[in-house]
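Note that the protein sequences, when read in sequence, are chains C and R. Per the numbering used here, the first sequence starts with residue 1, numbered consecutively. Per the numbering used here, the second sequence starts with residue 1, numbered consecutively.
I should point out that these hints are in silico values taken from the structure, not numbers from a laboratory. One thing to keep in mind: the hints can contain errors.
[To be verified] Think about it this way: if two alpha-carbon atoms lie no more than 20 Å apart in a straight line, the pair counts; the simulated EDC-like pairs of lysine to aspartate or glutamate are:
#  : chain 1 : residue 1 : chain 2 : residue 2
1  : C       : Lys186    : C       : Glu149
2  : C       : Lys162    : C       : Glu149
3  : C       : Lys105    : C       : Glu34
4  : C       : Lys162    : C       : Glu139
5  : C       : Lys105    : R       : Glu347
6  : C       : Lys105    : R       : Asp310
7  : C       : Lys186    : C       : Glu121
8  : C       : Lys162    : C       : Asp211
9  : C       : Lys162    : R       : Glu241
10 : C       : Lys162    : C       : Glu110
11 : C       : Lys186    : R       : Asp329
12 : C       : Lys162    : C       : Glu151
[Said to hold, decoys possible] If you want a taste of the chain C side facing chain R, the calculated C-beta under 10 Å gives, among others:
#  : residue
13 : Gln88
14 : Glu107
15 : His111
16 : Ala129
17 : Ala131
18 : Ala135
19 : Ala136
20 : Glu154
21 : Phe157
22 : Gln158
23 : Ser159
24 : Leu164
25 : Arg168
26 : Leu201
27 : Ala202
28 : Arg203
[Stated by the list, open to error] Label pairs and their in silico Cβ distance ranges:
#  : chain 1 : residue 1 : chain 2 : residue 2 : range
29 : C       : Glu110    : R       : His321    : 26 to 34 Å
30 : C       : Val190    : R       : Ala184    : 28 to 36 Å
31 : R       : Ala14     : C       : Arg192    : 55 to 63 Å
32 : R       : Ser350    : C       : Gln144    : 25 to 33 Å
33 : C       : Glu147    : R       : Arg258    : 23 to 31 Å
Built from N, CA and C at the ideal position, the CB exists for glycine as well.
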Amino acid sequence: MAISVVVIDDHPAITAGIRTWYAQATPAIEVVAEGTTPDVAWSPPGDTADVVVLDLNLDGTASSYQHTVRRLVDAGRRVIVYTMRDGQDVAISCLDLGVAAFVTKAEGHEHLVAATVAAAENRPYLPPALAGAIAANREPLRPQLSEREREVLELWFQSESKQLVADRMNITPRTVGTYLDRVRLKYANVGRPAPTKAALLARAVQDGIVDLGEL
Amino acid sequence: MRSAVYVRRRLVAAARWMLLAVALVVQFGSNAALLVGTTPMSPVELGGYVALGIVGAGAAAALTLRRSIPRWYAAGGCVVLLACAGALSADLPPEGALRAGHWSLGLIGWYGLVLLFGLPPRWAGLLLGAVGVLYTVPVVAENPTTTGLANLGVGLGSVLGLQFAVALGSHLLAGIARRAQATADEEQQVRIEEETAAAVAANHERRYADLREATIPLLRGLADGELDPRDPVVRRRCAVEAARMRRLFAEHADSGDRLVHELGGIIDVAERHGVSVHLTVRGAPTALPDNVRAGLLGPISEALVTADGDAKVTVLHAPDHVRVAVRCDAPGLQLPRDGSGEVEVVESTSGGQLWLETSWQSR
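One chain only, chain C, in its complex shape (with noise of 0.2 Å):
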């Protein structure tokens, strides 16, 4: 069955862009509802919908981006915040809060239907902009990271590559996917609890990327 989708953005033309990368993609992504307004995403067919993928420039105001994000968190829903604005704070916040990814706008569409894929099954997806995001974080309660996930989060922001980062650290490229789960996962398993974050967690278990131990 394909992955089904709800839109939530104020410009057309980005919408249509969706559209189409969605329709060209395997798995197969669907995109159910669309709108300009988070309410598309609580009522019928959109309530339904696998992933939420949401603009946060809606009304360009903070609180209110917390506000409506926090809600389809705690909802259940998987939100892929996907958005023009490029400040770490937002995508250090948003992490915090549960979304499943966070994606700029500048980023190719690869990355926004490798996250649609990845938040329909749980799994953790880190695109390099947020890898950039997480490797500048400087905030006090962080989660810590190993010298090796930081190397591979810093090389995966600049190359948006990840054939090139294992050329350079002479890993495979599996490998780099590995340690870019298990910083995603550390910060899933950090901040205030989420049902999706807990998801994530338990996916990742089961997967065998991360034992309960080490949580």
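Position chain R against the provided structure of chain C, taking the given hints into account.
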């Protein structure tokens, strides 16, 4: 800023040297003359004189070599001063009036001021008070006359009172010097901020003017139908202008980042060559030495001006290092690149893509 610090240090050092000079002149000038010219010295007097001389010489050596007196030396010196005060006052005949035998009273106070310079004046007050008590006790113990006590009070009051007033004065002087430095620093900071803001504003204005020259005709052409969006040249122009505008809008947030500011200039040049550059900056900017900034940007600049098509530039300010990287289509011509000084340059080409990184470890 350096000059303000310099002036403050000079002022404070001069004041301390002045106090020490007074003490040394008293000990090796007037007191020496006095002691040589009068009765033979008792062993206690001789010992006290030598001990005080050593304290003074040590302070002079510390000020000459280290420009400050270590805390441990000041504390130890005060103990020696008090011990001398106790021993020398006990050695005197218990009569009230100050006389030649009280030579040590003023000297101990002056050394005390040198040792306690820079501390709150209550410490000098405490030391001088203790010295006063040590000189009073032997006299009081022998049931003195009222006149004798009054004489002693007048004598101690004038010597120690003068010294305490000097201690207060030097404390005030240090305070004034500190405030002068703070004011000079603030003024300097304000001037720097004003100049930076003016430079940033001028740069923005120039680039908004560039937008008027390049972007508006492009949009007008598209609206009038003169330019065809299917034309690859038009599409490239759109990509370049869009990247330029994005950067201009984003820049307000990081105008304090000189590295990114200079990088902006390099990207400008690349865009004039038709390269569409996307810049992502992460982390809080830190101050970088000029040569490091140049070392980080040099290779990036070379790569960008020879690039073709799209380029992605990233800047990462991590707590202990800075990394700048560019990813773009690999140019046909490969130039050898070396790191300059402390900047490390790593370059790899894969699948027709060049990935060049410069980095610097701050510690």
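Going through the numbered hints above, which ones does this structure break? Give me the numbers in ascending order. 4, 5, 8, 9, 11, 15, 26, 27, 28, 30
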